[in-house]
Each structure stands twice: as structure tokens, then as C-alpha cells.
Amino acid sequence: MGLRVLIVDDALFMRGMLKDLFIKGGHEVVGEAADGREAVEQYRRLRPDLVTMDIVMPLVSGIEALTEIRREDPEACVVMCSAMGQEALILEAVRAGARDFIVKPFSEEKVLETARRVAKRA
Amino acid sequence: MAIDMSKYRDMFLSESREHLQTMGRLLVELEKCPDDREGLDALFREAHSIKGMAASMGYRATAELGHHLEDFLSGFRAGGAIPPAAIDRVLAGVDLLEGLIDDLAAERPERDVRAFIDGSAAASPRAPRPTTPAAEAGAPGNGAVTAPVASGEEILKIAIELVSGAVAPAARALLMLRELAAQGEVVDADPNERQLLQGGTVPRLELRLRSWRAPQEIKDLLLAMPDVARVSCVVERLRPATRQSRERTVRVRTGLLDQFINLTGELVTNRYMLQTAYNDGRDREMRDGLERLTRLITDLHHHVLQVRMMPLASITGRLPRMVRELEQQTGKEVALRIAGEEVELDRSILEALADPLMHLVRNAVDHGIEERGEVQVRAGREKDLVLVEVRDNGRGLDAEAIRRKAVAAGLLSPGQAQRMVERDLFPLICLPGFSTRTEVSETSGRGVGMDVVKAVTEQFGGTLQIASERGRGTSIQLRLPLSVAIIRLLLVECGGELVALPITRVLRTLELERAEIRSSGRQMVVPLGNELVPLLSLRRMLRQPAKPVAGTIPVVVSEARGRKIALVVDRLVGQREAFVKSLAFPLDRIAGVSGATILGDGRIVFIIDPQGLLDEGAASGGRSGVSP
Chain B
1 MGLRVLIVDD ALFMRGMLKD LFIKGGHEVV GEAADGREAV EQYRRLRPDL VTMDIVMPLV
61 SGIEALTEIR REDPEACVVM CSAMGQEALI LEAVRAGARD FIVKPFSEEK VLETARRVAK
121 RA
Chain A
1 MAIDMSKYRD MFLSESREHL QTMGRLLVEL EKCPDDREGL DALFREAHSI KGMAASMGYR
61 ATAELGHHLE DFLSGFRAGG AIPPAAIDRV LAGVDLLEGL IDDLAAERPE RDVRAFIDGS
121 AAASPRAPRP TTPAAEAGAP GNGAVTAPVA SGEEILKIAI ELVSGAVAPA ARALLMLREL
181 AAQGEVVDAD PNERQLLQGG TVPRLELRLR SWRAPQEIKD LLLAMPDVAR VSCVVERLRP
241 ATRQSRERTV RVRTGLLDQF INLTGELVTN RYMLQTAYND GRDREMRDGL ERLTRLITDL
301 HHHVLQVRMM PLASITGRLP RMVRELEQQT GKEVALRIAG EEVELDRSIL EALADPLMHL
361 VRNAVDHGIE ERGEVQVRAG REKDLVLVEV RDNGRGLDAE AIRRKAVAAG LLSPGQAQRM
421 VERDLFPLIC LPGFSTRTEV SETSGRGVGM DVVKAVTEQF GGTLQIASER GRGTSIQLRL
481 PLSVAIIRLL LVECGGELVA LPITRVLRTL ELERAEIRSS GRQMVVPLGN ELVPLLSLRR
541 MLRQPAKPVA GTIPVVVSEA RGRKIALVVD RLVGQREAFV KSLAFPLDRI AGVSGATILG
601 DGRIVFIIDP QGLLDEGAAS GGRSGVSP
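Top to bottom, those sequences are chains B and A.
Under our numbering, the residues of the first sequence are numbered 1 to 122, in order.
Under our numbering, the residues of the second sequence are numbered 1 to 628, in order.
Honestly, the hints are just simulated from the structure, not real lab data.
Note that the structure is a prediction, hence the values are computed from the model and not measured.
Every residue gets a Cβ at the ideal spot worked out from N, C-alpha and C, and that includes glycine.
Keep in mind that a hint or two might mislead.
Below 25 Å or equal to it, Euclidean Cα-Cα: the simulated DMTMM-like pairs (lysine to aspartate or glutamate) are [claimed, not checked]:
| hint | chain 1 | residue 1 | chain 2 | residue 2 |
| --- | --- | --- | --- | --- |
| 1 | B | LYS120 | A | GLU193 |
| 2 | A | LYS219 | B | GLU109 |
| 3 | B | LYS104 | A | ASP227 |
| 4 | A | LYS547 | A | GLU513 |
| 5 | A | LYS581 | A | GLU351 |
Here are some of the chain A residues that sit facing chain B, going by a computed Cβ distance under 7 Å [claimed, not checked]:
| hint | residue |
| --- | --- |
| 6 | GLY165 |
| 7 | ALA166 |
| 8 | LEU174 |
| 9 | PRO203 |
| 10 | LEU387 |
| 11 | ALA596 |
Could you build the full structure based on these sequences and the hints that come with them?
As C-alpha cells, then:
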């Protein structure tokens, strides 16, 4: 069965790409957010099965949003999306409770596989 | 992060042993009173505790057996009574559990319990529960209790190599650790979680996992993760583990810990007081501060010793079982009474005393009691000593048999033997190899003998006394110091050296006039009371040059081989409390030297053991007597 996915990224282009990818993989994209604050609000409202979260975003960062979401729902399943060269941030996110991370540029296969694996455990 | 269970291992072992001892005691009581509901309930709870503890430690066979006994007992709980056959069976189960605990303590695989459990149908009050088929046991969530019997604790040893270009490998490794922790329990990891949180490159992650999953499952799971290049996963018998787990543990009342903190606080305050007094050059305050320091150290010492203290109950727990077994073997009827189990002794003394105490009780049943009788084990404080007495109301020691045996063994001449009074004959039974029984009894056996009992007692500076009356019974009294580390010593000077004797080995000291010394054959003796005590030169025993004696002669009266001896020394220096250190190799090989202590001025003083010196002298053919 498909997952209900919330996509968080400040770049419209990235959101669009991820959205296509998830739909193609048989999942449902239930919401999109362009910054951390919006992500927390959407999560509260939608309670998705999976969140893909960009780390570097304006206003509220991905890690702050992750922390906030996990405070509300410790079972929240959040996968961080990061660019190369952000290893320290990735580590910080994992420490803050990220379920996994994927590194841009994304391969379609890897993203879907990660989503499946992570969601299965949840 | 998973909990590292290895550090709880010693606690598990000591607590399990306590539970098993209680089970043994309860079973013996239940045998006399089979419908004691409370006893049955208590027994059930003990089995339940063992099961629970073993299961959380992952000791499968132990947990399974605990579970089985719990199950077995619950059937009788409903009926309100337990038949003798069932008591035998549970006792056998307790024995098996003891064996399992020994296995775990020795870091061996747990022994098999299946045969015991399968043999339960006959004695069970109802059909035994079907046991879980091995195939089902692999399912997650299945506790250790129903898991198949493993011959030892198994553990998965996992090594993961990441691909060389992996992004954020430390974060990746952390995620793997977490994933694996969800599949079992991570025993240890290299690098560990703390190290991984520092980031950096992680080419390889190695860890040990306690898991219900098959190795292949774990391997597949890891290979499905990103950036994983290679995984190896092999089953390993747990060689537990960290070095710290070999250290002994002891339970401490929290109140005692609070007192330690308070004392530490006072010591710190005192230090500042002394510092100030020193800076200001105020002698009087310095003196007060030092006095205070002395009190605090005495206090601290007292409290530290308390931490080491354990009740006698920790070694008397086995006695009821043993007596029960002896009753069955010998057909005698024996009432065992234990008093003073709450009396505390230093744990090292108790550990050493466990076997000798069993031997004394066994002896009492075996040689003392005739048809039926009573054996009493009694402990009590006597000032700085603890008295442990094993007394029976049986036939008493046969002085004539001891006399004959001593002559036959060449220990005494017929004349000597004839002159000796009963009281002096009894200590002879503590000589190595001395036994008035010509046949070896099945129960008392060979193994530990009275010589070992005496040696252990004296090793801690204790004494052994025997009183016996024909037809009335025998009493063996052990007087032991409360603690081992600090003892009172008598310092004596000999050939310009200071040596010390434990005060517990000193019967008295005196200054002899030359005229008091007599000779008996080639041996010089001195009359003490109505005895003639051989006079020995400590200088000779220590192989120091002889010295002509002028004026009065200082003498220390001690005991060796069950007889009094008078040791001639150069000077009696005085008594002192001292912290005794045991000697390390090669000094520990010197016969007659049992330890050493350091005096306030830095001098090292050896503590001598007259018995050991005499043995050594006899072995090397030297003579230590004072010649006439």
C-alpha cells in the first residue's frame, strides 16, 4: 500500500521532482511545505506516514522542524534531504531523531527504497 | 542505545545464589510441613525471580528451568500442599540451577536442562505444558523463556564495511546501530555511539548483537541499507566480555553511602582548618586538627569495613539441605538449629569459612550424632571477635582412640601420650592426616579435614578450640576477627629487626628469669601454670646469629601444632593496629611470613606465623630449640 507523504523543501523544483517520484512509486503526496514552520503546521494537520525534510531552509531550519515534529509525535518518520558537504548537519539531524537521510542528487530508486524501508519499520 | 548487560552479570550471579539458598531452605522446611501455604508461595516467588532475572540477562537455559519450576510449583499452590516426591524434584531442579549459575560464573555455556524438564511428567501434578517447538522460537518478541535451549549464550558478531564514497558515514553508521538495536541488544560497538556522534570517517563498523534473529536475516537487513559495501555476520559464543565484569560486586545500603559523603565533607573541612592553622603557625590548632583527623579516619575505616561485612546467613543457607541429605544417607535423625545468622563478618572471611563450616556440621552428624540428636550452629560477637560454634549432643570425642592414633602415627611417645590430659589430646585431631576413623566415611569423606578448618581459621588470625565430653557431645569453637585488613599486632625486636605477630596468635607475654628455665632432655622448657612449655629461639627460627642472654628474657607465648610454645625474643616493643598487606610473589613463598605492614616511620615489618616457621624449620632439618 502506498504511503501518505509530506514533502518539505524551499525549492519548488525539488518539491515537484520528489512529488512526481513518489506518485510514480505508488504513494500519495498529501502535502508540501516550503519552510520549517509550515512543515510543523502541515504535519500537525495531516499526520503523514513519511516526511522528506530539506535541512537548509529559511525561517525555521529542517532540523528545528524535525525536533518540533518529534516532540509532538515521537514516532514521526522523517527522512532528511541534504546536499553534499552537509555531513555535520546530517549527523545533527540523525541525533535529533531523523529516521534516515538521502543525499542530493537523488536517485529515484534510492528515494523509494529508503521510503519503503523506513516506513516499514514504523 | 542498548544497555550493556555484562556489568549486571555479577549482581545477577550473587542474587541468584541467594534465591537458590532460600529455595533450599524453604524446601527443607516444607518437607516437615508440606501444607505451609506461605512457604509454598515464597518458593514460587523465588523461582519466579530467578526466571525473570535470567530472562533479562538472556540466559536461556537458566530462565527456562526457572520457568519450569515456577510452573511445576503453581500446580501444588492450587492444591495447598506439596508431596515429598515433588520436593525431591524441585531440590534436584535447584541443584541444576546451581550448576547453571556455576556455568555462567565460569563463563561456560549453560548446561542442558531439557532432560530434566522432559522428565517432569511423572512427578507433575498435571500434564506439563507443551513446550514451544524450536521452529516457533525464532519469532521476535518470543522471550528467552520459551526460546529453544541453547547450550550457551550466543551472540552475533557483525562487521559492516561502508562504500568508500559514502556521504556522512558516521550518521549512516549511527542509523545502522539504531536499526540493529531494534533487532536485539547491542552488546558493544566499535566505534560506539558516542564516537560516531563526533562525526568523521567510518570505514568499518564492528559490533556484537544479542538477537533472536538469524544471522542471515540481520545480514539481509544491513545489505538493504544505503552505502553498505560488505557485511559479515557470524554466531559467536559469548565470552563475556568486559574485564570489569570479573570484578566482584557488593550491595551497599544507601545510608552508608550518605555517611561516606558526609565524612568526605568533614575531611575536606578539616583539611582547610589544618591548612589555615599551618599558615598561621598555630600549633595548638594544628594539634586539634590532627586529633580530629584521627577520629575521622577511624570513622571512615569503620564505615569501609561495614561495606565489606556480610551476615553469616550467607553461608549457613546451605546447611539445612546438607543435613537433610545426610539424614537420608545415614538414616540418622538430626535437628539442625542455627542461631546468630545475622552476625556479620568480613566477606573474605565468610567466603573462606563456607567449606570448613560445612565440614564441621558434616562431622557432627557423621561422627557425633548416634541415632538421633541435635546439631547447633551458633554465632555471636565477643568483643572484637566473632565466635562461630558447631556443637552436637552426640557421643563425644574418644580420647583413648586419639591417644592410640597419636602414638601409632609417631606424633607422641607412649609415655608422652599417657601423661597427656584429654583437653590436650583433642587439638591433635587438627593435625594434617589425623583421623580417628580408620575407614573413610561416605559423608565426611576425605577432602576437607579438621586440619583445613584450623588452617583457614588461623589464616585470618583466628583460633580454634575443641571441647568434648564422652556421651555428652562435642563443641568446636572458632573465634575469628571481624575484619581482615586491619588487625592488632604485637611488635617484637629480634636480631635488630622488628617483626610482628598477630595479637590473636599471642597467648601472653612475659619476662623470664634465667632460673625459671629448665631442661627436658635436649629441649629447654619453662613451666607455665602446670604445663612445661618448650622454649624456642625466634632468632634461630629466623636464622639470625645467636646472642648471649643477659638479665631477664622476654618471651611471647603462642601456639603451634595445637601446643603452646614460648618464643624467646630480644625485646617486646608493643602493640599496634596495622593495615596488613599480603605479599606478592616471590615474597609470598617465604614460609612463616604471612604479610607485612608499614610503620609510621616508613619501616616495613613482616608479620610472622610461628606455626609456619616451625614447619619450615622441620622441613629444612634445622633445630630451633634453645639449647641448655
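query = Are A:ALA166 and chain B close enough, Cβ to Cβ, to be under 7 Å, as the hint says?
reply = Result: violated, 9 Å to nearest chain B Cβ.
task = Return the status of the interface hint for A:ALA596: holds when the least beta-carbon distance to chain B is below 7 Å, violated otherwise.
result = 54 Å, violated
task = Grab the minimum C-beta distance from A:LEU387 to chain B and call the hint holds if it beats 7 Å, violated otherwise.
result = 61 Å, violated
Restraint check, 7 Å cut-off on beta carbons, for A:GLY165 near chain B = 10 Å, violated
Proposed interface contact between A:PRO203 and chain B, which counts if any beta carbon pair is under 7 Å = 15 Å, violated
ask   = Under the criterion that the straight-line Cα-Cα distance not exceed 25 Å, is the pair B:LYS120, A:GLU193 satisfied?
value = 24 Å, holds
ask   = Straight-line Cα separation of B:LYS104 and A:ASP227 no greater than 25 Å?
value = Satisfied, since the Cα-Cα distance of roughly 14 Å is no more than 25 Å.
inquiry  = Run the distance test for A:LYS547 versus A:GLU513: straight-line Cα separation, threshold 25 Å.
reply    = Judged against 25 Å, a Cα distance of about 16 Å means the pair holds.
key: Pair hint outcome, A:LYS219 versus B:GLU109 [Cα-Cα no greater than 25 Å]   = Between A:LYS219 and B:GLU109 the Cα gap is close to 21 Å, so the pair holds against 25 Å.
inquiry  = Let's test the interface hint: is any C-beta of chain B closer than 7 Å to that of A:LEU174?
reply    = 5 Å, holds
query = Is A:LYS581 within 25 Å of A:GLU351, Cα to Cα?
reply = Status holds; Cα separation ~19 Å.
Checked against the numbered hints given earlier, this structure breaks hints 6, 7, 9, 10 and 11; the rest are met.
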